[in-house]
Every structure is written in structure tokens, then in C-alpha cells.
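If you use the numbering used here, the sequence shown corresponds to residues 1 to 213, in order.
If you're looking for bench data, these hints aren't it; they were derived computationally from the structure.
For lysine to any residue, the following SDA-like pairs were computed, each having C-alpha atoms within a straight-line distance of at most 20 Å: (1) Lys-123 x Ser-166; (2) Lys-123 x Ser-80; (3) Lys-123 x Pro-81; (4) Lys-58 x Glu-13; (5) Lys-108 x Asp-149.
What follows is a list of derived Cβ distance ranges for each label pair: (6) Pro-125 x Val-27: 31 to 39 Å; (7) Ala-28 x Ser-80: 22 to 30 Å; (8) Asp-55 x Leu-103: 16 to 24 Å; (9) Asp-55 x Ala-28: 19 to 27 Å; (10) Pro-100 x His-179: 21 to 29 Å; (11) Pro-78 x Pro-125: 14 to 22 Å; (12) Gln-34 x Gln-175: 28 to 36 Å; (13) Gln-35 x Ala-152: 35 to 43 Å; (14) Leu-103 x Gln-128: 25 to 33 Å; (15) Ala-152 x Ala-182: 18 to 26 Å; (16) Pro-125 x His-179: 18 to 26 Å; (17) Pro-81 x Gly-189: 32 to 40 Å; (18) Gln-34 x Arg-118: 20 to 28 Å; (19) Asn-17 x Ala-75: 24 to 32 Å.
Quick caveat, the model's predicted, so the values are computed rather than measured. Backbone N, C-alpha and C fix where the C-beta goes; we use that ideal spot for every residue, glycine too.
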Amino acid sequence: MSDTARAPGSDRENLANTTVEVNRRMVAENPNNQQALTELLASLVSFGDVMSFVDPSKAEEHYLEALDIARQLVATNPGSPEELHDLAVSLDRVGDVLLPADLTAARKHHLEALDIRRELSAKYPENQQALRDLTVSLDKMGDALLPVDPAAAHEHYLESLGIALSLAEANPDNQLAAHDLAVSLDKVGDILLPDDPTSAKNTISKHWTSHGS
Numbered sequence: 001m002s003d004t005a006r007a008p009g010s011d012r013e014n015l016a017n018t019t020v021e022v023n024r025r026m027v028a029e030n031p032n033n034q035q036a037l038t039e040l041l042a043s044l045v046s047f048g049d050v051m052s053f054v055d056p057s058k059a060e061e062h063y064l065e066a067l068d069i070a071r072q073l074v075a076t077n078p079g080s081p082e083e084l085h086d087l088a089v090s091l092d093r094v095g096d097v098l099l100p101a102d103l104t105a106a107r108k109h110h111l112e113a114l115d116i117r118r119e120l121s122a123k124y125p126e127n128q129q130a131l132r133d134l135t136v137s138l139d140k141m142g143d144a145l146l147p148v149d150p151a152a153a154h155e156h157y158l159e160s161l162g163i164a165l166s167l168a169e170a171n172p173d174n175q176l177a178a179h180d181l182a183v184s185l186d187k188v189g190d191i192l193l194p195d196d197p198t199s200a201k202n203t204i205s206k207h208w209t210s211h212g213s
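When you get a sec, could you build the whole thing from the sequences and use the hints?
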């Protein structure tokens, strides 16, 4: 992303803000319209993503508003995989923007997202997107735990690695699956490498072998 795209007042920021305002008007006119609420939620997350580069506090405001809407939609449609997915995304966005200033709050949000994604992957075990989403939450929870509990972070990274290996093996030509696997391998290696390079190598090799057999 270029500096221009990240600059306050850029075309990208203005477009994202305009989309939010249009969707706000749609919700104001149709406050119980689920589609209008979903579109507002998505635009708030997108605007937060843009602002996270230049104004994290404003990004947090938009993510929190998106989170409120996501909770409202889940309350209206409990058990809906789409609504639960959007709730997990909103929780993770809030957790991301809270790091590293508020580790406790970040962990709380990431843990709730992780619980949702465990639920979805258990309910839809053949759904590869649900499994990929689970690896994302495991990695984010690991990142939030790393400064205070490296051992717990390591456990989350290893679980993510196991899933990433399975997805990469099931989709050998999928670049996203390969990228996710590389990220998981790096996280496991990074946490072990400073103190025990041999253990890092052996752990990665063991998990690769166990999923390749």
C-alpha cells in the first residue's frame, strides 16, 4: 500500500467514509432491515481498516460500532454461520487495534472470536473457510498471549500449524493455503528459535511429517 493510500483525506478514506454514511442512512430508513445492517457493518469494518493505518483510535470507534451491530445480528439470528462469522471478524478487529496497548482487553476479544470459530469449525468440519478462519483466530490469540505467556502462545501456534498443514495438503496448488502454512511455520519457529534452534527445527519437521503421512 502506498503512502498516498494511507494518508488522511485520501481518496480511499473518503470513499470508505462515504460508503459508511450511505449505509447509515439506509439503516436509519430501515432500522430492522438485516441486509442494511450487514452492509453497514461491513462498511464500518472497511473504514476501520483504512483508518488503522493513520488513526487507530478512529479505527477502534468504527470497529466497536461494527461489533455492536454484529452482536445485534447474532441476537436476531442465533446460530447463523454468516452472522457468527461477522461477529468473529469484528471481535478480531477490535482485538487487533487494542494491541499492544491493552493486552487484557485484546485477549478477551480474540478469545471470544476463537470460541466462535471453534464452534463453527466443529459444526462444519468439511468447510475449509471455517478451518482457515480458525487458524487466523489461533494465531491472533497466540500473538495476544505471547508477551505474557509464551508457552500458551506456542500451543495456539502449534494448533494453527496443524490445521494449516492439513489445508495445504488438501489444496497443494492454493497460494493462500501455502501462505497460511508459511505464516504458521514462522510463528512456531520464531517462538522456539531464540532459545532452542534444534527444537524449532524438529518440531516443524515432526508436524510436517505427521500430516504428510
